[in-house]
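K.L.:
Protein chains in written order, with my numbering: chain Y, 2 to 645; chain L, 531 to 680.
There's no promise every hint is true.
[Said to hold, decoys possible] Listed next, the in silico PhoX-like pairs over lysine-lysine satisfying Cα-Cα at most 20 Å (straight line):
{"#": "1", "chain 1": "Y", "residue 1": "LYS506", "chain 2": "Y", "residue 2": "LYS495"}
{"#": "2", "chain 1": "Y", "residue 1": "LYS154", "chain 2": "Y", "residue 2": "LYS21"}
{"#": "3", "chain 1": "Y", "residue 1": "LYS573", "chain 2": "Y", "residue 2": "LYS562"}
{"#": "4", "chain 1": "Y", "residue 1": "LYS150", "chain 2": "Y", "residue 2": "LYS138"}
{"#": "5", "chain 1": "L", "residue 1": "LYS666", "chain 2": "Y", "residue 2": "LYS482"}
{"#": "6", "chain 1": "Y", "residue 1": "LYS322", "chain 2": "L", "residue 2": "LYS666"}
{"#": "7", "chain 1": "Y", "residue 1": "LYS138", "chain 2": "Y", "residue 2": "LYS26"}
{"#": "8", "chain 1": "Y", "residue 1": "LYS552", "chain 2": "Y", "residue 2": "LYS504"}
{"#": "9", "chain 1": "Y", "residue 1": "LYS363", "chain 2": "Y", "residue 2": "LYS201"}
{"#": "10", "chain 1": "Y", "residue 1": "LYS544", "chain 2": "Y", "residue 2": "LYS445"}
{"#": "11", "chain 1": "Y", "residue 1": "LYS506", "chain 2": "Y", "residue 2": "LYS573"}
{"#": "12", "chain 1": "Y", "residue 1": "LYS583", "chain 2": "L", "residue 2": "LYS542"}
{"#": "13", "chain 1": "Y", "residue 1": "LYS544", "chain 2": "Y", "residue 2": "LYS573"}
{"#": "14", "chain 1": "L", "residue 1": "LYS677", "chain 2": "L", "residue 2": "LYS662"}
{"#": "15", "chain 1": "Y", "residue 1": "LYS583", "chain 2": "L", "residue 2": "LYS671"}
{"#": "16", "chain 1": "Y", "residue 1": "LYS583", "chain 2": "Y", "residue 2": "LYS593"}
{"#": "17", "chain 1": "Y", "residue 1": "LYS414", "chain 2": "L", "residue 2": "LYS666"}
{"#": "18", "chain 1": "Y", "residue 1": "LYS341", "chain 2": "Y", "residue 2": "LYS322"}
{"#": "19", "chain 1": "Y", "residue 1": "LYS101", "chain 2": "Y", "residue 2": "LYS112"}
{"#": "20", "chain 1": "L", "residue 1": "LYS666", "chain 2": "Y", "residue 2": "LYS96"}
{"#": "21", "chain 1": "Y", "residue 1": "LYS26", "chain 2": "Y", "residue 2": "LYS55"}
{"#": "22", "chain 1": "L", "residue 1": "LYS630", "chain 2": "Y", "residue 2": "LYS562"}
{"#": "23", "chain 1": "Y", "residue 1": "LYS554", "chain 2": "Y", "residue 2": "LYS495"}
{"#": "24", "chain 1": "Y", "residue 1": "LYS583", "chain 2": "L", "residue 2": "LYS666"}
{"#": "25", "chain 1": "Y", "residue 1": "LYS544", "chain 2": "Y", "residue 2": "LYS554"}
{"#": "26", "chain 1": "Y", "residue 1": "LYS96", "chain 2": "Y", "residue 2": "LYS112"}
{"#": "27", "chain 1": "L", "residue 1": "LYS542", "chain 2": "Y", "residue 2": "LYS96"}
{"#": "28", "chain 1": "L", "residue 1": "LYS591", "chain 2": "Y", "residue 2": "LYS386"}
{"#": "29", "chain 1": "Y", "residue 1": "LYS299", "chain 2": "Y", "residue 2": "LYS154"}
{"#": "30", "chain 1": "Y", "residue 1": "LYS414", "chain 2": "Y", "residue 2": "LYS495"}
{"#": "31", "chain 1": "Y", "residue 1": "LYS504", "chain 2": "Y", "residue 2": "LYS445"}
{"#": "32", "chain 1": "Y", "residue 1": "LYS552", "chain 2": "Y", "residue 2": "LYS562"}
{"#": "33", "chain 1": "L", "residue 1": "LYS542", "chain 2": "Y", "residue 2": "LYS299"}
Honestly, the hints are just simulated from the structure, not real lab data.
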Amino acid sequence: MPRIKSPAELEEFRKGILSKRDPQKPCIAVCTGTGCIALGAAEVVAALREEIKKQGLGAEVDVKVDIRETGCPGFCEQGPVIVIYPEEICYLQVKPDDAKEIIAETILAKKVIDRLLYVDPVSKEKSIRESDVPFYKNQTRLLIGNNIKLDPKSIEDYLAVGGYTALVKALAGMKPEQVLDVVKDSNIRGRGGAGFPAGKKWEFARNSPGDTKYVVVNADEGDPGAFMDRALLEGNPHAVLEGLLIGAYAIGAHEGFLYVRQEYPLAVDNVTIAIRAAEDLGLLGKNILGSGFDFSVKVHRGAGAFVCGEETALLRSLEGKPGEPVARPPYPAVKGLWNKPTNINNVETWANIPLIINKGSKFFTSIGTEKSKGTKIFSLVGKVKNTGLVEVPMGITLRDIIYKVGGGIPGEKKFKAVQTGGPSGGCIPEEYLDMSVDFDELAKVGAIMGSGGMIVMDEDTCMVDVARYFLNFLSDESCGKCTPCREGIRQMLKILTNISQGKGKEGDVELLETLAETTRDASLCALGGSAPNPVLSTIRYFKDEYDAHIKDKKCPAFVCKELISFYIDPDKCSACMICLRKCPVDAIIGGKKQIHVIDQEKCTNCGTCFEVCPSRFGAVRRLSGEPVPAPIPEEARNLAGESK
Amino acid sequence: MENDQIDKIIEKHQSDASSLIQILLEIQRENRWLPKDAIERVGERLEVPLSRIQHIVTFYKAFNLLPKGRHEIHICTGTACHVRGAPRLLDSVQDLTGIKPGETDMDMKFSLETVGCVGCCALGPVMVIDGKYHGKMGPSKSEDVLKNYE
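Turn these sequences into a full structure, and let the hints steer you where they fit.
P.N.:
Right under this line is the structure:
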């Protein structure tokens, strides 16, 4: 690869790449993000390659079809996902066995394979093109839409879709102050959680005295149930690097760090490859594109600590120390990494920068609400039909996200709540579904935007259990440095555990509220400061569930194990032996043509019998807050006798 | 693990004490856990007190201070997996293997860990064994999967 020394040379190089590419040549893009890999995407790619060879399309001289292994386009639910260009035909849930037909029918005979298309569950309508699938159609995919168009391991692919043009624009045509002004005017707020205006943050770092400054990408995406940063880093690492380069130029930093969670091995690999490629091409290093600007980046893997997502903790971790937060101020913009001015932004914030520079702040502010601009990527997960990553304009309603994009709740269950913002966020009940999603609106109802986790919960989710779950997570992850967080969380967890085990008592809810307030007000960092949110928001909207647990010893959602029992309805049991065989503790008594009965003494409430009982019988019942009926006498259990 | 292997990793990071976490992660990637000798060697070479290394290896969850079994099971306990039944999956895997998170069985066959989120929420509940993802796991399905490991 040549080392590129000027913007003109980069354009030449880009032209060279494009001239070698025929837009009409068939290309099969296969998502090989973590989600699709887990569903067998690697086997699909192998089968496609094999088939291309077999059907004589892979002759070295003239390859008639390309295969592109891409990052995650977001529709994880229906993976492995493939898109065939130039027609943009979208096939879902592709299996290795489909490879032969895809090559023979779609690539050679130009025919669409009906059974691999998306079928709307209600209208039964089929969507051929990717952009026609309702899941995608209702999104605004400015960032994540590029993932399927490029191989994250190829810098040529990124250049082919216009990559690094924003960098050229900034370095060759703008002063650092001008870049800063554009970002300030765009009003982009940090995508990591708190929503602090990124331009202001940059300005603080730029104006802090000192020659050595640093920029950092926070890719310690620790919120359980959130994976948009992973998808961006895995799928389009150069966009993040380009944003970082532009930010470094505006701030006056010459060294940058990418702090990536070690649970994301593919993201670490792809971003490392991207850095190498950018270095080889001269887009990182000394005198970038002849501008006199030097910049280098290092990847630092996290070692499994949620608190390191907090910026001061992250910086301590980068220094090779335990990731314990320190009091702010001084802010990292003044005294950050090795006490030098440092600017930290989240992956998604950085990925937005090239877009803002290229299209201008006006374009960016045209999307979104008054105080929250641009798009936001959410990871829409939990009890929702179309699980995956969705990118929507700020200001969209929760209802549109969950029902229009997400397709609603599976299994005809009833929606109960949506949880945003991870362990620092809150649960939003149905009455607020028509609220528009922006930083300030979410805060008003006791939740937060957070990094973008959106977990949908249905009637089978117990809200006391959800609160207990988050507190348990936070109690594990609290670094222990300050007492309010360490002890406050632990005590709240104790009370919640008691309630979920039927040991709750009058006054527990009030005590929880007092503890929550103290923890919120007195903790050192945002981990403790926001830890009470899951507790307070569930008490605020689902007090009746707390009361049912405390007063009636009942878990209305049948989740809290200590408060439920399983019972086989003798009128419905057909003695099929399925539950009896599957019971892990041999607690089911019965036999062929013998109605099954659960030995309540042995039963561990694992729920396997409920899960495996065929729906046509539906004989296993869950009980809570009521006594288990006595088993029917042995002589009445014989089914054979009955049918005679 | 041999000292020269450890030294090689340390030299790759220019014997820089601020790379301590990266060095320990790399040693663990080679050896799967951090033996006391290795930690002592790192302390000596980087001139970092053992107490500080101990602080780090116990602060961060990724570090293992005990040998691992032949197969490492990670159960995702992220929120999406949780609401889809991860606790029941964890219960059944504990029953099947006889070990709790953080433990390794006597035959050194399985080690069990929980993980905050692996980012495969569409497939929840997820169980990762030796880096291979098994999605949509229920108690009875997990039994079938575990049977395939020797």
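K.L.:
Each hint: holds or not?
P.N.:
Hints, one by one, checked against the model:
{"no.": "1", "hint": "Y/LYS506 <-> Y/LYS495", "verdict": "holds (13 Å)"}
{"no.": "2", "hint": "Y/LYS154 <-> Y/LYS21", "verdict": "holds (18 Å)"}
{"no.": "3", "hint": "Y/LYS573 <-> Y/LYS562", "verdict": "violated (24 Å)"}
{"no.": "4", "hint": "Y/LYS150 <-> Y/LYS138", "verdict": "holds (17 Å)"}
{"no.": "5", "hint": "L/LYS666 <-> Y/LYS482", "verdict": "violated (38 Å)"}
{"no.": "6", "hint": "Y/LYS322 <-> L/LYS666", "verdict": "violated (38 Å)"}
{"no.": "7", "hint": "Y/LYS138 <-> Y/LYS26", "verdict": "violated (25 Å)"}
{"no.": "8", "hint": "Y/LYS552 <-> Y/LYS504", "verdict": "holds (10 Å)"}
{"no.": "9", "hint": "Y/LYS363 <-> Y/LYS201", "verdict": "holds (18 Å)"}
{"no.": "10", "hint": "Y/LYS544 <-> Y/LYS445", "verdict": "holds (19 Å)"}
{"no.": "11", "hint": "Y/LYS506 <-> Y/LYS573", "verdict": "violated (37 Å)"}
{"no.": "12", "hint": "Y/LYS583 <-> L/LYS542", "verdict": "violated (52 Å)"}
{"no.": "13", "hint": "Y/LYS544 <-> Y/LYS573", "verdict": "violated (35 Å)"}
{"no.": "14", "hint": "L/LYS677 <-> L/LYS662", "verdict": "holds (15 Å)"}
{"no.": "15", "hint": "Y/LYS583 <-> L/LYS671", "verdict": "holds (10 Å)"}
{"no.": "16", "hint": "Y/LYS583 <-> Y/LYS593", "verdict": "holds (15 Å)"}
{"no.": "17", "hint": "Y/LYS414 <-> L/LYS666", "verdict": "holds (19 Å)"}
{"no.": "18", "hint": "Y/LYS341 <-> Y/LYS322", "verdict": "holds (16 Å)"}
{"no.": "19", "hint": "Y/LYS101 <-> Y/LYS112", "verdict": "holds (13 Å)"}
{"no.": "20", "hint": "L/LYS666 <-> Y/LYS96", "verdict": "holds (17 Å)"}
{"no.": "21", "hint": "Y/LYS26 <-> Y/LYS55", "verdict": "holds (19 Å)"}
{"no.": "22", "hint": "L/LYS630 <-> Y/LYS562", "verdict": "holds (18 Å)"}
{"no.": "23", "hint": "Y/LYS554 <-> Y/LYS495", "verdict": "holds (17 Å)"}
{"no.": "24", "hint": "Y/LYS583 <-> L/LYS666", "verdict": "holds (18 Å)"}
{"no.": "25", "hint": "Y/LYS544 <-> Y/LYS554", "verdict": "holds (14 Å)"}
{"no.": "26", "hint": "Y/LYS96 <-> Y/LYS112", "verdict": "holds (18 Å)"}
{"no.": "27", "hint": "L/LYS542 <-> Y/LYS96", "verdict": "violated (42 Å)"}
{"no.": "28", "hint": "L/LYS591 <-> Y/LYS386", "verdict": "violated (33 Å)"}
{"no.": "29", "hint": "Y/LYS299 <-> Y/LYS154", "verdict": "holds (17 Å)"}
{"no.": "30", "hint": "Y/LYS414 <-> Y/LYS495", "verdict": "violated (31 Å)"}
{"no.": "31", "hint": "Y/LYS504 <-> Y/LYS445", "verdict": "violated (33 Å)"}
{"no.": "32", "hint": "Y/LYS552 <-> Y/LYS562", "verdict": "holds (17 Å)"}
{"no.": "33", "hint": "L/LYS542 <-> Y/LYS299", "verdict": "holds (14 Å)"}
Consistency note: the structure conflicts with the earlier hints numbered 3, 5, 6, 7, 11, 12, 13, 27, 28, 30, 31.
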